[in-house]
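Here is how the chains run, residue by residue.
There are 2 protein chains.
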Amino acid sequence: MTILKGIRVVEGSAFVAVPLAGMTLAQMGAEVIRFDRIGGGLDANRWPVAPDGRSLFWEGLNKGKKSIAVNLKSEEGRELVTRIVTAPGDDAGLFLTNLRVRGWMDYETLSQERKDLVMVTLTGDRHGRPQVDYTVNPSLGIPHMTGPVDGAPVAHALPAWDIAAGNMVVSALLAAERHRLRTGQGQEVCFSLKDAAAATMGHLGMLAEAATTGESRPRAGNALYGAYGQDFVCADGQRVMVIGLTDRQWKGIVTATGTAEDMAALERETGANLRREGDRWMQRDRITAILTPWFAARPLAEVAQTFDKGGLTWAPFRSLPEALKADPDLGPDNPMFTMQSHPGLPSYPVPGTPMEFSAFDRVPAAPAPVLGEHSEEILAEVAGLDDGEIARLFDKGIVSQARSAHRSAA
Amino acid sequence: MTILKGIRVVEGSAFVAVPLAGMTLAQMGAEVIRFDRIGGGLDANRWPVAPDGRSLFWEGLNKGKKSIAVNLKSEEGRELVTRIVTAPGDDAGLFLTNLRVRGWMDYETLSQERKDLVMVTLTGDRHGRPQVDYTVNPSLGIPHMTGPVDGAPVAHALPAWDIAAGNMVVSALLAAERHRLRTGQGQEVCFSLKDAAAATMGHLGMLAEAATTGESRPRAGNALYGAYGQDFVCADGQRVMVIGLTDRQWKGIVTATGTAEDMAALERETGANLRREGDRWMQRDRITAILTPWFAARPLAEVAQTFDKGGLTWAPFRSLPEALKADPDLGPDNPMFTMQSHPGLPSYPVPGTPMEFSAFDRVPAAPAPVLGEHSEEILAEVAGLDDGEIARLFDKGIVSQARSAHRSAA
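From first to last, the protein sequence lines are chains A and B.
What the first sequence shows, in this note's numbering, is residues 12 to 421, in sequence order.
What the second sequence shows, in this note's numbering, is residues 12 to 421, in sequence order.
Only chain A is shown next, with the shape it has when bound in the complex (with noise of 0.2 angstroms):
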């Protein structure tokens, strides 16, 4: 058992929030149905590959769903789709997507054959235009706060907000399933990957330190804004990151590195009292110039002693290939993880939820599925199509099957 066992939600869907919204419900028991066109959609490539060319990003924002490949052109195929979508159940009837696509897949036009439909749409922009996590980032001055204190504007590796506009899918789908639990009635919930960053930029106080102060934020290489937080490189080589945001934090960096005097120096120059935070942040080119050879003087595994000891809040910088070697937490003592591979291929580790659910098993991460590997399922179980129907749409090339399973395919 799962905590959404039961529901069914449909996707149409490429790329990363609405993928991983549908999938974040699968690894929460929901049966996912995502569908396609004959050929995979936009995402169908998306690097990175294995070596074989295979989609490693798909296989990774799909684990647990059911796929379907349909003609998308073909009104025969959109009807079917349609039937999919909307298809009786007290708990079907739900359906995210990304996919700009009027008439007949908007809500006005499906929820006419499921009054109740849920239906939860994302897009670029809150005009409907285009945007991408690439671009909304840069636009709203994240890069500019990131990287070294001088140079051209950063922006970062990670799709942050493609990753926060795809949680905040699954909540917009969970509090419209609730209201319609109670109530009956379904609706339709958009909003779009800026207006999420956009929010989520002023939650954190950043919009109104802006206006308020004129400039953007400093750059500050790798310190944590606002208090301190310092990356050093130990005498191995290795680099690690220190956190003293809270009181408790900084006494443990100051009693652990035996800079007591030194900070007290410190502030009796400078007049800053270094329990307060801001002065931390005002002061941390000086208090990291403290530290520095107390870093520079000793391995990563000393450093690693002390702090642990200390209880400080501290990680080293690992690339991710050290990372997988180096950290438990990445392999297969951690029980989200389920390890995997494909055949000739290196394994590793795949997640499942990293939510435990106590009145519920951890479940293992499912595979995703082939292109099309259960077109004839949902034809049958969903659309309820007989088998001389199913025959016939396969026939005409409306669906598609997989050929091959990729998991068993080398």
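If you're looking for bench data, these hints aren't it; they were derived computationally from the structure.
Backbone N, C-alpha and C fix where the C-beta goes; we use that ideal spot for every residue, glycine too.
Label-pair restraints from in silico Cβ distances:
{"id": "1", "chain 1": "B", "residue 1": "Gly64", "chain 2": "A", "residue 2": "Ala300", "range": "23 to 33 angstroms"}
{"id": "2", "chain 1": "A", "residue 1": "Gly139", "chain 2": "B", "residue 2": "Asp372", "range": "15 to 25 angstroms"}
{"id": "3", "chain 1": "B", "residue 1": "Gly355", "chain 2": "A", "residue 2": "Asp344", "range": "54 to 64 angstroms"}
{"id": "4", "chain 1": "B", "residue 1": "Gly248", "chain 2": "A", "residue 2": "Ala377", "range": "43 to 53 angstroms"}
Under the rule of at most 25 angstroms between Cα atoms (straight-line distance), these lysine-lysine pairs were calculated in the BS3-like manner:
{"id": "5", "chain 1": "B", "residue 1": "Lys84", "chain 2": "B", "residue 2": "Lys407"}
{"id": "6", "chain 1": "A", "residue 1": "Lys16", "chain 2": "B", "residue 2": "Lys126"}
{"id": "7", "chain 1": "B", "residue 1": "Lys262", "chain 2": "B", "residue 2": "Lys320"}
{"id": "8", "chain 1": "A", "residue 1": "Lys16", "chain 2": "A", "residue 2": "Lys126"}
{"id": "9", "chain 1": "A", "residue 1": "Lys336", "chain 2": "A", "residue 2": "Lys320"}
{"id": "10", "chain 1": "B", "residue 1": "Lys16", "chain 2": "A", "residue 2": "Lys126"}
{"id": "11", "chain 1": "B", "residue 1": "Lys262", "chain 2": "A", "residue 2": "Lys84"}
{"id": "12", "chain 1": "B", "residue 1": "Lys336", "chain 2": "B", "residue 2": "Lys320"}
{"id": "13", "chain 1": "A", "residue 1": "Lys262", "chain 2": "B", "residue 2": "Lys84"}
Using the hints provided, position chain B relative to the given structure of chain A.
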């Protein structure tokens, strides 16, 4: 009316993720009570701060909540919080926390007072150790993938994992509350910031990529990974990001910039097929060299006009103050925002929820409370205490009340 009207959530929290979760629920209509220790929690003064020292961070992340300040070191204060968390009500008994308090505030103890309690606990890592966004991120290798091709790892300025985890807390609560609505069964949901990050990186294919290749994804400056997308400097020094992720987007760039012949020559020379996204990625430096003169010859306004006409996916790089001035999506033109100001300071846009639920009207963002602003109301209405008991608790310093509201203070 709002979608979650009637739900009551109690929050014991600090910093980003759990406050963001509570605020998200509040903006969806839940009654959210945040309790803090007297004088304020760990994030009471978190930067960014206004010129008078008020935390714009705290105000941003606690909008629309009710606040009670309690002496959590006293037995009586703990009993009060227990009473508030476990107060009766079909749609109450929902508790969010990232404070690690064993004993009186853990699920085992609290659920003795209310058997169907739903409690969501976010920890640093799965072992319960303290970790923050600033440590989780470097330990998982994102800074190694970020920034200019050469140089040290670059941590990004956005607390992206906190944002993701906060939205996951919302999903976890709604899923567990749904289960309780149907079965009457409460439960605890636990997960860690680090697991949320590691799972998401797995979903994006990054763990499979690193394990398969044995290498870190190469740094690529501001290039879009795996296809084509790049920043360019225009004739007037303005920087833009342009996206060639899909086939349509790529053709749009080539057409808009009139570089079809150069791209064809590049294909002939290298054998690449630039219709393939992976080939665009491999040839990105050559493509960028072809496109650079086009941007260098035109000011941003001309680039913008051409790109909008061509339906391209693109955006200018802006600092946040520039964006606030230039972008109507970040001001009163956007119904998500209401403009607010503190006396003597410039006004700024305050976001409500980005989600538009068609069955409800948008609700403007409510301001954050002052610490303790609702202490008396909560003691009376939620804890069910009479006037005499409330007066005694204030007199003894078990509970404190706000002396004045910031918004009207200056």
